[in-house]
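Read off the chains here:
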Amino acid sequence: MQLSLTTKTMFIPFIMAGDPHPDITVELALALQEAGADILELGVPYSDPLADGPIIQRATSRALKHKMNLPKAIELVPVLRKKGVKIPIILFTYYNPVLQLGEEFFFTLVKENGVDGVLIPDLPFEESGPIRKLSAEAGVACISLVAPTSKQRIEKIASSAQGFLYCVSSLGVTGVRDTLPDELESFLMEVKQYSRVPVAVGFGISTSEQVSMLKNYSDGIIIGSALVQKMEQLGDRLLHEETKQEALNEFQRYAQMLTAPLGKRCTP
Amino acid sequence: MMYKEPNENGRFGEFGGKFVPETLMLPLEEIERELEKAMADPTFRTEYMDSLQEYSGRPTSLTFVKNLTEKFNGAKIYLKREDLNHTGAHKINNAIGQVLLAKRMGKKKLIAETGAGQHGVAAATVAARFGMECIVFMGEEDIKRQELNVFRMKLLGAEVVPVFSGNRTLKDATNEAIRYWVQHCDDHFYMIGSVVGPHPYPKMVREFQRIIGDEAKQQFLEREGKLPEVVVACVGGGSNAIGTFYPFLDDEVALIGVEAAGKGTNTPYHAATITKGTKGVIHGSLTYLLQDEYGQILEPYSISAGLDYPGVGPEHAYLASIGRVQYESVTDEEALHAFQLLAREEGIIPAIESAHALAHTFKLVPHLPKDSAVLVCLSGRGDKDVQAIMNREKGGADIAAISND
Ligand SMILES: Cc1ncc(COP(=O)(O)O)c(C=O)c1O
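Residue numbers (my numbering), protein chains in the order written: chain Y, 1 to 268; chain E, 269 to 673.
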């Protein structure tokens, strides 16, 4: 995945494949692209999502009910492409499903289906050697994370980062947070010093004020739980033919409202 | 000693490692560094041994069970009495070790997960003793099964947080404890209750539980002038088993770990991880686990809350893979029968977890020569289980029936 360092801050939304239903994932992705998304993070549901808070845990349960899994999520990517999703797609999956599929076969599938990058939140730098080698061979970005506790680890992680570098905003799991830590700016500045790839920030970002503040310190803003929560509120309206379009429009407007400070698109 | 696992990356052969979110890498490195320093520091060692002695009542006895040995007319049966520890199980050995380490690291808040509630009680106990706060995550289902222990933890001043995800048992409690730790790793110490989790936990918990095997080996030598032929322990995460086995790994002694077969390993209702599981990552460690073809972790089942876990310590996965330890499994019914038998014949009410080790031992001893001996780790006492067993089916009528035949 080639990303250039532009002056504009990227909008990187996260949705869970198969939530609330596999059929609607495509339309949600299109709505996000329409709202100005630059990269899509597509979550793969896993029974024990250690890095996720309650909102994404609930998304996971809904997706698992529809029997979503790793190979199915990968095969969703060409469907997204066919329906008009043009932005890069990053697969967000825990490590165990990758292991069961087989690491080599995983990358074969990823490559075949046009996935642009993978992000494995429970595979830290020290354990990621074989995966990074396979991803390099497949020409797929393997996204690394740095956290506020990374300190002296930042340099080594940043120096081998591919695609973009994912900065975890605060101690904790995914979710929506009213406040972000005071040290976040200096943390992002420090990471940017070491990174050759764009630096994006995520975890907890859920208001346009936060987006407005962070756009000056990062190359990308990742928003997950806030969008999933919005979807949750739309609930059944997303699933019924009569109400679907209206619900999708509302979802798109919400994404635009959150990211308005990034100056992406004008509201329709 | 020839046995040298784990390596510097926390691998037992291919098993183990650190599969955790980046946020936890630094806290893990800190624990690893501090543990190493502590283990090399004679004052830490003395503090640990003194606490085990004056607070927990170690060394625990080695008890020859004469009546059952005669009844089965085979190998002699010896019990290492971890049930005699303060708080009633081996879990306190580890809790004392970890709280002393937490203290050294300047931490004042403990996080723990618990299944049967024994580790939760041990954590709450040492928190009280060493003036720390303690928050315990426990699955809602286990809270029902282990009411008594929940109340004990509260009496001891700990906060018990019910966990509603998944099957609401130990796996889910551990997930929630880890999530809480990610959020609070700057000032909390996560006290894991078994030889599971990311490196250095499996190694650390082994270090704090090997006292079981060290003592037992010594006591057995004094009594019998030789080593036992067989050593048996139950395996949930595997801490009492590793603690018991570790000092025997380089000896010519057969080691047997007993897993929970629940309603049978040919049904979906069991927790026989090594017997039926496949390789994968759970709670930060590469090991055997119960999972489906897509890598979703399956919900285990056992009558015993302490064995109701879909993974197993990575060192057990390794010991199984090299054939050094043999892993067997025992059903709920067999464990209940052994529970009754030990109570009736020897006046010892075992924990239902430990009853799994006993049940396998009772199958084994009739086939072994009379001049041989089996050492069993009696990991805990059964007071915590009495109520659940009383309530089980027909108000406990089936238990009375088992004991009368
Ligand atoms: C008495 C007793 N034995 C055994 C276990 C299982 O744990 P482990 O396999 O780590 O010894 C427990 C766990 O709660 C327990 O309470």
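What the hints contain is simulated information worked out from the structure, not anything from laboratory work. Every residue gets a Cβ at the ideal spot worked out from N, C-alpha and C, and that includes glycine. Mixed in with the good hints there might be a few duds.
Chain Y stretches covered by chain E per the calculated footprint, using a threshold of three residues with CB under 8 angstroms from any CB of chain E [said to hold, decoys possible]: (1) 8 to 14; (2) 62 to 73; (3) 120 to 127; (4) 184 to 195; (5) 222 to 233.
Status of each hint after checking the structure:
no., hint, verdict
1, 8 to 14, "violated (count 0)"
2, 62 to 73, "holds (count 4)"
3, 120 to 127, "holds (count 7)"
4, 184 to 195, "violated (count 0)"
5, 222 to 233, "violated (count 0)"
The structure is inconsistent with the numbered hints 1, 4, 5, although it conforms to all the rest.
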